[in-house]
Amino acid sequence: MPHLAAALLTSLALVAPSGAAPVPSPAVAIDSAAAAGSQGVAAHPGLGPASFPADPGRFEAALTRREPGSPELHVFPRPGSGAATVRVSFPIREFPDEAGGAQIIRRLADERMGAMARRFGAEARAQRTAEGLVYTVSGPASELDFLVRVLNEALRPPEGELFTTARRDQLAEVLRRQETPQGVLALRVRQGAGGSGVPLLGSAVALERMHAGMVSDLWRRTHGAPEARIVVVGDLGVEVALASLADLEFPQVTQVPSPSAGGALPEPRTSPEIIRHWVARAWTLDRPRDARGLVAVALLGDQVRTRGGDYELGAELWEIGGRWTVVLSGAAYPRNHQAMRNQLAGLMDAAAAAATPSRVEGHAARLRGDILRRTSTPWGYAEVVGEALDAGLEPRSIRILLDDLIRMSADDLQALFTELRGRTPVQEELRP
Amino acid sequence: MMRRTPRALMGALAALLLCLAGPLPGLGQAPGIVAWEARPGSGTVAATVRFPVGALQDPAGAEGTAFLLGRAVEAAAMEHLGPRSASLRVEVGLHHLEATLFAPASSWLSSWAEVASLLSTASLPSQAVDAARERVLDEASFQEGSPERAFETAWNALRLTGLLPSGTFPERSVEGRSASLARLDRGALESWRNATLSWGDAVVAVVGEVSPADLSALGASRLVELAAGVRGEAPPAPDPAPTVAPGTPDPGIPAPDTLADAAVVELPLPPPPLRLGAPAPALGLPAGGIVARWSGGREIVDREITSTWMGLAWALPRGTPLVLRDFLAHVVGEALNPSPPDPNLYRARVSLEEVEGIPLLVVVAATDPQAAYAWEARILQALENLSEAPLPGAFLDLARRRYRSTRILEAADPVLRSRWVASHLGPDGTLPSVSAESWGLRRSAVAALVEARGEPRILLKGPAAMMATP
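Chains V and L supply the protein sequences, listed in that same order.
Using our numbering, the letters of the first sequence map in sequence onto residues 1 to 432.
Using our numbering, the letters of the second sequence map in sequence onto residues 1 to 470.
Excised from the complex, chain L in its bound form (with noise of 0.2 angstroms):
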C-alpha cells in the first residue's frame, strides 16, 4: 500500500489533470456538482444522481415517458452492472428522476460510467426498451382505472394548482397510462433523455470508499467533501418557562394521547448524549410568510370504492430550515401512526415536498369511509395541537432524540444516505446536518412554523353514502 503522501500527491495531480480535461470517456456530460462522503473500509460505494426534472416534464399525450425511461436504464444497466455484483434503481417522482448505483468499491467508476452513458448520449438497446415496456404496461393495464392511481392523478392536479409555471400540467400519474406508454419507443425515450436530462443541472452524491481520483474523474464543475458521521455538539439548555401574565388561567400541558405518552413521561429519561463544543443555534422561520398563490381549499369527490383516500397539503414558509421542516413531518408522521395501530386507518404517509421553492407539507391516508371524516379532523387538529400547545419540555426532547436517531440509523445505510444527499444538496453546496441541528429545535419555533402554515388543501376520494357526517 503506497504511503499516504505521495498518495495524495498523485491524487491531487491526477484530479488537476482530470478537471482540465472534463470527465473521462463514458462518464457522459459533467455533473454541476458532486458530493462525497467517505466510509473508509467500507468496501461499496453508492452513488445517487438526481435530475430536477421528472414525470411533470413528460411530453402531453407521452406520460409516463420519464417512467419509462427509468426502467428501461435500469434493465440496460444491469446487463453490465450483474456481473460486476453491482445494482441500479432509478426512482423517478414528478418533479425529480434519481438513479442509484451500488457496487463494490473496486469496480464502481466502470459501473458508473456505465450509468452516466445510459443517461447522457448512449443508444439504449431495443431489447431493455421493448422489455421494460412490456413489464410496465402490464402494470398499467393492472392499475387503470384503480382507486390508488385515480386519486394519485386528482391529489396532483389539486395539491400543485396554481404552483407550477404555465403549460405545466400535474394531473397526471407518474407511471403514465396504457394507451400513452404503448406509443413510446426507443426514440421517443432517447429524445425525451436528450432534451431534458441535462447533467449540469444533476447534483451526484457519493457515499463509501472512494478515492479523490476517482471522483475526479466525475469531472464536475463542483466538489464538495462531506463531513461523515456524527460531529460533536452541546445538547439545549432547557427551554426557559414562558412568562406568564398575572390572573392567567393555566392552560396545562395537554395529555397525552395514550396511556404509553403517559407512561412515557413518567419514566425518568437517560441523560442526552455527552456532547462537545458550542450548542446548536436556534432554528427558526425566515422573515415573510406563506407565497400570496397558496390557497386552501376542500373537494370531496364521490367513488364507489371500499375505502376512502384523502390527502392534505399545507404551504409552509419559503426558507424554512429543512430539519424544522422534517422534524414537523416526523412529529406529525408520530402522531397520525399510533400503537397500537387504528383498524380505521389502513394507511398514513406524511411527507415534504418542493415545489418551485415553496416547501409543502403533505399527509396522504387511506381509511375506512365510515372513519374518513374523523380521520379528516384528527389530522387537522394533530397541527393544530402543535400550534396552539407546542410539544412540552419531556415530549419534546423525546420527540426529538426519535428524530435524531430515525435519521442516523437512515444515514448508516450509504443507499439512502446517497440520495437525501442528492435530495437536499443547496445549490451553494451545503447539506443541513440533523444530527447537529435537530439539538437546534425548539418548542417555540415548532409551534411557530405550524402557526404559519398557510390553509390546507384537502381531497378526500370515497363513497360519499358511506363517510359518516362529522
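Next up, chain V with everything else stripped away, as it sits in the complex (with noise of 0.2 angstroms):
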C-alpha cells in the first residue's frame, strides 16, 4: 500500500546518514519550545542568487484563514491527484503531572480513526510530535465528508474505558525507553540543549499516578475549535474544502484547570546498566530551519561511514525548541572508547575540510530532491507544511529553504562549521 510517509517528527529531514546512529533522534519529535505565532524566514544572507528558479507557486495555500474563536485554516488545492489529505493539529503543552497524558490520547484516537478509515481503504494516524497532536486522515478526494468522519473519530474525548489499557502500553514504552542508553542519553541531549523537562513519551512517574480524568482534562484543555490548525491539501477546491470542513465536531472549549507545576514529583534520573560508553554532542543552530544544517549534517555522516574501527558514530539532526540541533554520539567498549572519543571530536574538523563545493552541492541538490519527492504527495505534503506552520512558520519558509539548497556553496558551510567549532556543545555521556 502506497501510502501514507513514515513520520520524519523531528521536521523536514532527519539526516542520518550513517545508518544507525548510537543515539538516533527518538521515537517521537523533541520537545520544543516555540514561539506561540508565525516567524518568517528570510533567505540566507550570506548565500548568492539561485542558479534556475525554483519552482513558482508552491507552498503558497489558495485559502488562509486565521480568525479567532475558528480553527486556523489552510488549502492547497493540488489539481489532478485525485486524492486529498487532511491534517488537524493542537499545541500540547502538558505540565510535569501530565507528562504522557498525550501519548494517551494518542493512542485511543489511532485506533479509533484506523478502525474507521482502514474499513473504506484510507489512511488514517494519529501522531505526538513536538508541538502538540496531530491527526492526519488521507483517502480519494470525492470522499472528503467521510475523511472529516474519521477526523470526527479522532476527535471524540478518550474513552474511560480504555485507559488503563492504553496507560499500561504507554507506561511500558517509557520504561522500555529508559533501560536503554540510546533513550537516556537522548533526554539528557535534549534537555541540555533547551528542550523542555517534560518528556514527550511520558514520565514513569507521572503515569504511574495518572487517572483517567487526567487526561480528559487534557483532551478538553486542549482540542477545542480555537486551538486547531487544519491543512488541507488535495484534488478539490477551497469551495467543497469549507463545506466539508464545516463537519468537524469540536469539543465545547472549557476553562479546565490545569494541574499544579509545583506539585510533581521528580522523575528519578535514570542509569541503565550498560556495557559500552556513550557519548553525545550537540549544537543547536540560530537560525529555524537553517538550510546548512541539512547539509553540514550529510557531510558529517559521509565522515562517519568512512571511518573504520570497533566503535559506532553517528551524526543526525534533531529539532529542539524549535531549532535543529546538530548531534553527534558514539557509543564503544571500553578497551577503545579514547580512539572513539578522538574520533568524535575530529569529525566536524574533518568534515570541514572535505567540504568541497562539488561534495556540498551534491548534497545540497539531493537534499532538495529528497524534499520534493516528499511533498509530491498530498500527505507529505500536508505534513511539511503542518509541520512549519506547527514550529510558528509560514509554508513559504519551504520555498526559502528549497532556494537555499539550490544557492548553497562551500563557503556556506565554512562559516557553519567555524561558527559551531568556536562553541561549547552540550555533552552528555553514559559510562559503564
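Think of the hints as simulated: they come from the structure by calculation, not from any bench.
We put the beta carbon where it would ideally sit given N, CA and C, even for glycine.
Please note that the accuracy of each hint is not assured.
If you want the footprint, here are the derived chain V segments under chain L, 3+ residues with CB under 8 angstroms [to be verified]:
1. 72 to 80
2. 120 to 128
3. 133 to 146
4. 359 to 371
Only part of the chain V face toward chain L is listed, based on derived beta-carbon distances under 8 angstroms [to be verified]:
5. 58
6. 61
7. 376
8. 377
9. 378
Got two chains here, separate frames each, mind docking them using the hints?
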C-alpha cells in the first residue's frame, strides 16, 4: 500500500546518513519551546542568487484563514491527483503531572480513526509531535465527507474505559526507553539543549499516578476549535473543502484548571546498566530551518561512513526548541572508547576539510530532491507544511529552504562549521 | 506570465515544428506513444519509459544482462541527475525494463534527455558499468543458492511453461548468476541495449507539471492526454436479489472469516460518494475462455530449508477487463493477509501478470513448513469461495471501496502513477480508469471470472518431511 510516509517527526529531513546512529533521534519528536505565532524566515543572507529559479506557486495556500475563535485553516488545491489529505493539529504543553497524557490521547484516537479508515481503504493516523497532537487522514478527494467523519472519530473524547490499557502500554514504552542508553542520553541531550523538561513519551512517575480524569481534562483544555490548525491538500476546490470541514466536531472549549506545576514528583534520573561508553555532543543552530544544517549533517555522515574501528559513530539533525540541532554520538567498549572519543572530537574538522564545492552542491541537490519527492504526494505535502506551521513558521519557509539549497556553496558550510566549532556543545555521556 | 491564448498558439506551433523535426538531439529515438497527465502547480515531473522486453531476452549464458544494464544506466544517469535534484530508478522484470525519472519541473526535460540517451545510443561510462557490476556481483554472490532465488527460478519455469515463444527459456533469475554477470562488460550491455530496446515499442508516461511543448519535444509518434483526477460517476444500483426456484435450500451468506468482518457488516455504512453522470457500465467477461495451451499441475520440490515457498498461478480469459482482474487480485490479497497476521504466514503477495496476451493471477507465499499444505489449501479455497458464494452486497461494497481508495491513493503519488500508466496503457492509447470503472464491478462478474479461471499451476519448495499431511 502506497501510502502515507512514516513520520519524520523532527521536521523536514532527519539526516542520518551514517545509518543507525548510536543515539538516534527519539521515536517521537523532541520537545519544542517554539514561540507561538508566525515567524518569517528570510533567505540566508550569505547565499548568492539561485542558479535557476525555484518552481513558482508552491507552498502558498489558496486560502488561509485565521479568525479568533475558529480553527486556523490552510487549503492547498493540488489538481490531478484524485486524493486529498486533511491534517488537524493541536498545540499541547503538558505539565509534569500530565507527562504522557497526550500519548494516551494519541493511542486511543489512533485506534478509533484507524479502525474506521481501514474499512474503506483510507489512511489515518494520530501522532504526538514536539508541538502537540496531529491527526491526519488521506483518501479519495471525492470522499472528503467520509474523511471528515474519520477525523471526527479522532476528535471524540478519550474513552475512560480504555484508559487503563492505554496507560499500561505507554508506561511500558517509557520504561523500555529508560532502560536503554540511547533513550537516556537522548533525553538528557534534549533537556540540555533547551528542550522542555517534560518528556514527550511521558514520565513513569506521572503515568503511574495518572487517572482517566486527568487525560480527559487535558483533552478538553487542548482540543477546542480555537486551538486547531487544519491543513488540507488535494484535488479539490476551496469551496468543497470549506463545506466538508464545516462538519468537523470540536469539543466545547472549557476552562479546565491546569495541574499545579509545583506539585509533581521529579522523575528519577535513570542510569541503565551498560557495558559500553556512550557519548553525545549537540550544537543548536541559531536560525530556524537553517538549510546549512542539513548539508552539514550529510557531510558529517560521509565522515562517519568512512571511519573504521570497533566502535559506532553517528551524525543526525534533531529539532529541539523549534530549532535544528546537530547531534554527534558514539558508543564504544572500554578498550577503545578513547579512540572513539578522539574520532568524535575530530569529526567536525574532518567534515569541514572535506566540504569541497562539488560535495556541498551534491548533497544540497540531493536533499532538495528528497524534499521535493516527499512533498509530491498530498500527505507528504500536508505533513511538511503542517510541521512548519506548527513550529511557528509560514509555508513559504519551505520554498526558502529549497532556494537556499540551490544556492548553497562550500563557503556557507565553512562558515557554519567555524561557527559551531567556536561554541561549547551540550555534552552528555554514560559510562559503564 | 504569458496569457493563455498566445502561449497555447506558440505551444501548438512548437508542437507542429517539433513533430516534423523529430525528437530533440539527445532525446534518443522517438517513443511509440507518450501518455501524459497534468498536475498543475506540483512543481515536479515523474516520467516512465517502459520497454516490453526484459530478462527473458537475456542471451543464453549471459543471464542478468538486462538487470545489469539497468543498474549501470542508473549509476551513469545519477552523475548528471544528482546536481539537478533528480533521481532515476530502473526496474527489470522477466518481460519488461522500466526506467522512472523524478525531477523538478524546471529541468525535467534535460534530465530526461540524459536518461533517453543512455537507453538508446550513448556510450555507457566504463566507471558506471564497473561500479554497477561490482555491486550486482556482490549481491548475486550473497544470493546464490538462497532458497528465495532458487524458488524464483523454478517458479518462473513452471508458471510460464508453454506460454512463451519457442527459444525463450524462463528458468532463470532476473538478477542473473555470478558466473554470467562476471562476463558482462560495457560492450555486451551496449550490444544488448542496441539490439533489444526499441523506442518505437516503448510507452512513455509523464505525470506532473508539464507543458505541451515539452511533450512534443519527445517526438512521440502518438501523444495521448489523460484526464487527471477522479471523474464523476454514479454509484451502482444495488445488486438485484437472485431468483431462487421454489424449494431450493437457502445457501445463506457465508460467515465472515473474522470477527472484524462481522463487525464491519453490522455497522451502518456511510453513504457512497456523491456522483454525477451516468452509472458505470457493468464489467463482464469476454466471450471465449482460457487459452488451450494452459494446463494445471502441481510440483513439490524437497529442499532442506527453514521455510516453504509456494507459488500458485491461474490463467484468466483473454480480454478480461483490467479493473475486474485487478479487483480480484485485491480481494484475494485481502483474504490472504488477515489482521492480525497469521504467524505461520511469513509473506503472501498476489499479483497480475500478462504473458503473450494471456492474463495470469499469481500468488507467491512463504510459510512455516508445518503450515504449508494448510496455506496452500487456504489459497485455493479463497478463490473457490469467491466462485461458489460470491461476496454478498455489504462485503462487495466495502471491498470495492477499499480497492478504489487504495488505487486512488497510489495514483496520487506521481511516480507510482507514471509507472502504472506505462504498464497499463493499451496499444490504442486508452487507459482503464479505476475510479470510474470500479463502480461497474458486480458480484456476478467476480464470480464468473473466478469460475472461468484455468486449473492452477502450483509449486511448493521446502522440507517435505516437515510439511504436515493435509
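Cross-check of the supplied hints:
Check on the stretch 72 to 80 of chain V: 4 of its residues sit with their Cβ under 8 angstroms from a Cβ of chain L, so the three-residue criterion for coverage holds. Beta-carbon proximity to chain L at under 8 angstroms applies to 4 residues in the stretch 120 to 128 of chain V; the threshold of 3 is reached and the given coverage holds. Only when three residues or more bring their CB closer than 8 angstroms to a CB of chain L does the claim for the stretch 133 to 146 of chain V stand; here the count is 8, and the claim holds. Only when three residues or more bring their CB closer than 8 angstroms to a CB of chain L does the claim for the stretch 359 to 371 of chain V stand; here the count is 6, and the claim holds.
This hint holds: residue 58 of chain V has a C-beta 5 angstroms from the nearest C-beta of chain L, less than the 8 angstroms allowed. This hint is violated: residue 61 of chain V has a C-beta 12 angstroms from the nearest C-beta of chain L, more than the 8 angstroms allowed. The interface hint given for residue 376 of chain V is met, as the beta carbon of that residue sits about 5 angstroms from the closest beta carbon of chain L, less than 8 angstroms. Of the supplied interface hints, the one on residue 377 of chain V holds, with its beta-carbon coming within about 5 angstroms of a beta-carbon of chain L, less than 8 angstroms.
For residue 378 of chain V, the interface hint holds, since its Cβ comes within 8 angstroms of a Cβ in chain L; the closest pair sits about 6 angstroms apart.
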